[in-house]
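Trainee: These protein sequences, in sequence, are chains A and B. Here the first sequence is numbered in the numbering used here, starting from 2 and rising by one per residue. Here the second sequence is numbered in the numbering used here, starting from 2 and rising by one per residue.
To be clear, the hints were calculated from the coordinates, so they are not data collected in a lab. Any given hint might turn out to be false.
Unchecked claim - Pair by pair, the computed Cβ-Cβ distance ranges are:
| hint | chain 1 | residue 1 | chain 2 | residue 2 | range |
| --- | --- | --- | --- | --- | --- |
| 1 | A | GLY224 | B | ALA75 | 45 to 53 Å |
| 2 | B | ASN190 | A | ARG139 | 42 to 50 Å |
| 3 | A | SER141 | B | SER223 | 51 to 59 Å |
| 4 | B | THR284 | A | PRO225 | 44 to 52 Å |
| 5 | A | GLY248 | B | THR157 | 29 to 37 Å |
Claimed, not checked - Reference excerpt, derived from the structure (chain A facing chain B, CB under 7 Å, subset only):
| hint | residue |
| --- | --- |
| 6 | GLY66 |
| 7 | SER69 |
| 8 | PRO181 |
| 9 | PHE204 |
| 10 | GLY207 |
Being a predicted model, the structure only gives us computed values, none of them experimental. A virtual CB, placed ideally from N, CA and C, is assigned to each residue, including glycine.
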Amino acid sequence: MRGKARLPTLALSAAAVLLAGSAELAGVCGPFTDVAADAFCPFVLEIFTLGITTGTTPTTYDPAGNVSRLQMAAFLSRTVDSALRRSSPRAIADQFWTPRSAAATGATTVGMEPLLPACDGADIWVPNVASWTISRVRGSDGKLLGTWSPAQSPVAALVAMDGVFVTAGTLPGTLFRIQPSQPPGAATVLSSSLGDNPAGLAFDGGRIWTANALGSVSIVVPGPSIPWTVTTVTAGFSNPIAALYDGANVWITDQGRGLRRLDAAGAILQTVTFGPAAGFPAFDGMNIWAPTYNSASVLVVRASSGAVLATLTSEAWPVAAAFDGQRMLVTNYQPASVSLWNAADLTPLGTVLLDSNAHPWGACSDGLSFWVALRDEATLLRF
Amino acid sequence: MRSQRPLTASLVAAFTAVGIGAATSLAGVCGPFTDVAADAFCPFVLEIFTLGITTGTTATTFSPGDNVTRLQMAAFLSRTVDRVLARGGRRAAGDLFWTPRSAASVPLTTIASLTTFGSGSDGVASDGADLWVANNTDDTVSRVRASDGKLLETWTGATSAVAVLAGPMGSVFVAGASGGSTGQLYRINPAQPAGAVTTVATTEFPSGAMAFDGARIWTTNSSSVSIITPGPVTPWTTTTGTFVGGVSPAGMVWDGSNIWITDNSAGTLLRLDSGASVLQTITVGSGPVEAVFDGTSIWVPNGLSNSVSVVRAATGGILATLTGNGLNTPFAAAFDGERILVTQYFGYAVSLWKAADLTPLGTVPMGPGSLPRGACSDGLNFWVVLTGYSALARF
Chain A
2 MRGKARLPTL
12 ALSAAAVLLA
22 GSAELAGVCG
32 PFTDVAADAF
42 CPFVLEIFTL
52 GITTGTTPTT
62 YDPAGNVSRL
72 QMAAFLSRTV
82 DSALRRSSPR
92 AIADQFWTPR
102 SAAATGATTV
112 GMEPLLPACD
122 GADIWVPNVA
132 SWTISRVRGS
142 DGKLLGTWSP
152 AQSPVAALVA
162 MDGVFVTAGT
172 LPGTLFRIQP
182 SQPPGAATVL
192 SSSLGDNPAG
202 LAFDGGRIWT
212 ANALGSVSIV
222 VPGPSIPWTV
232 TTVTAGFSNP
242 IAALYDGANV
252 WITDQGRGLR
262 RLDAAGAILQ
272 TVTFGPAAGF
282 PAFDGMNIWA
292 PTYNSASVLV
302 VRASSGAVLA
312 TLTSEAWPVA
322 AAFDGQRMLV
332 TNYQPASVSL
342 WNAADLTPLG
352 TVLLDSNAHP
362 WGACSDGLSF
372 WVALRDEATL
382 LRF
Chain B
2 MRSQRPLTAS
12 LVAAFTAVGI
22 GAATSLAGVC
32 GPFTDVAADA
42 FCPFVLEIFT
52 LGITTGTTAT
62 TFSPGDNVTR
72 LQMAAFLSRT
82 VDRVLARGGR
92 RAAGDLFWTP
102 RSAASVPLTT
112 IASLTTFGSG
122 SDGVASDGAD
132 LWVANNTDDT
142 VSRVRASDGK
152 LLETWTGATS
162 AVAVLAGPMG
172 SVFVAGASGG
182 STGQLYRINP
192 AQPAGAVTTV
202 ATTEFPSGAM
212 AFDGARIWTT
222 NSSSVSIITP
232 GPVTPWTTTT
242 GTFVGGVSPA
252 GMVWDGSNIW
262 ITDNSAGTLL
272 RLDSGASVLQ
282 TITVGSGPVE
292 AVFDGTSIWV
302 PNGLSNSVSV
312 VRAATGGILA
322 TLTGNGLNTP
332 FAAAFDGERI
342 LVTQYFGYAV
352 SLWKAADLTP
362 LGTVPMGPGS
372 LPRGACSDGL
382 NFWVVLTGYS
392 ALARF
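Isolated chain A (complex conformation) (with noise of 0.2 Å):
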């Protein structure tokens, strides 16, 4: 009862405020003498509010005037942008910082050694290589769920199908499944016959694709009877280490060579040379971000056409890419640290350096935080 008596009040004291404020916006419509205040008057005041607009003047849009390209890019620039802003979880949770230091982001401890995570949306999931173990995390509080032990050394998470698909660094290379809706335990091996020793991997909607560092790709099949059907492709690679699906191809990094798109039997259609030496790159739904390890520099690759677009200076051994619908992640290994870039307009946003032993290596995001695996202090670090 006393909320209802209140409510006409706190009404009341908006209506006041808005007033007010309208009396600092002297114009026909918001600040603009030139737009009348008629059915268009809405649209010049919303472009102005998100400030995709500042007008010709304080008080003038010049509503009848022609727009050049040049005056077109900077609208829709920005509207990419206040939309992106906006549409984020981050916005939604009152999240606009981004920490600025190791000490203001948050720890969790898994196994030894986390390599490649993977995020499903709620959970993290993290392959501890050296304690052959595969922690998840969860993404809400940073809280250990639980810890499941395959019989072999996990390298890269990936979250597809009917759960967590992890490859093992084997000669020759394993794909574990885990079943995170059953309790913590083993880890069922899928296929034990991948090319050897396996790190990062990727799903086209219908097979996992693994990126195998001595020298080969694994193509498995997903099937009722375990082990699942593989066919390995060495012809032409190197050293591949990482993959990712763009939503027509495959890429995989290969070392030495380059990034190369993949057809659907995994014949290399495409090689993007660039050197020395290719970390884990990541997609952001238009372009393919590539950390170029050991040469302090993040390629970012057109996937329709394979075109550098730009070269992006970064730190001086940057390892994987991580996205998150606004932002790229990019860790580097050494000087251990994270940085950011608008992923939008390749800004660079700020490096935030981490423990100087923290070498950190994959990471993912949920929308809302980034996690970083540091590959030499057993943590999963939300930032």
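Start from chain A and add chain B according to the hints.
Mentor: Frame of chain A, contents of chain B only:
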């Protein structure tokens, strides 16, 4: 266990290998463009080039001083919307750029009591974290975790549950038939341990769809709609909306202004006022079932004419009647922010369209005899009730 560590050693070794070839970067003044100055406007140009919103007037020119025609503007705005939606959704951050290609790639959560008659068109609903599934045969409601498909809880006492609505008032509401020509509205408090549902209102015999208008819960019934007004004491007040000449409501959506129902027997989509009087009648295809609203348009699967009608909610105008793309007894539609999914009941498949421009994205079989029925999205995945398999599929 630390003895066997071929991978780390090998990876580090691989990382020290020296590659061949140099990066071929773009050599313009602003990105690839030689005619754009590297000034304050360059980042804007660079952004729309990076996003593929512009390709330039040539590979190396942007023609910054030229005007934009309305036709060019259409291309720019359309690409802008596409890029924003692609990046703004949960799927981009989840690195989920694939779509399952076959039934083998679609994991199932088995719910034994979920059968052919066990689910209405709104038989599954998402609360953002979990899925809620109405099970007609054993009067239960299942709670399934979206992140991994685990069956978390089973709620009991929801007699002949056919439809579920998650979210209003922090609760999950379930429509069930209680025998004869009557039905009941049940309420679940998801924060409580699983147990029996609470009966909050009596309705007519429910036909399987529900909606919330911000204040009241609406259910479709076999020949009417029920409007239930929450109150401090139960049973809540139910108003029954009947229709001159009779209707067979099958689907229901709230578009932010009005409730719409599909009339399964008349082949129409009806816009209702707040008292369930018909404001507008739109002829769609035969046997329309469960529609979905995408923020602008209502997608109506026409079960007997193998088509989908796309209707502008603001006007009631038909934007398009979609055919092909595997349409075979389409039953229910769902929307994930970018894509529309339609279940094909006897087609044993689901079909996808890009919601922003109505282009077909393909059809994926769910397996012989799978009988896909109700569907919803949690933003990351679609969830489809496969009544033939007694299972909830993550797609």
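Trainee: State for each hint whether it applies.
Mentor: Going down the list of hints, with the structure as the test:
| no. | hint | result |
| --- | --- | --- |
| 1 | A:GLY224 with B:ALA75: 45 to 53 Å | 46 Å, holds |
| 2 | B:ASN190 with A:ARG139: 42 to 50 Å | 23 Å, violated |
| 3 | A:SER141 with B:SER223: 51 to 59 Å | 42 Å, violated |
| 4 | B:THR284 with A:PRO225: 44 to 52 Å | 46 Å, holds |
| 5 | A:GLY248 with B:THR157: 29 to 37 Å | 43 Å, violated |
| 6 | GLY66 | 10 Å, violated |
| 7 | SER69 | 6 Å, holds |
| 8 | PRO181 | 3 Å, holds |
| 9 | PHE204 | 5 Å, holds |
| 10 | GLY207 | 4 Å, holds |
Checked against the numbered hints above, the structure breaks hints 2, 3, 5 and 6 and satisfies the rest.
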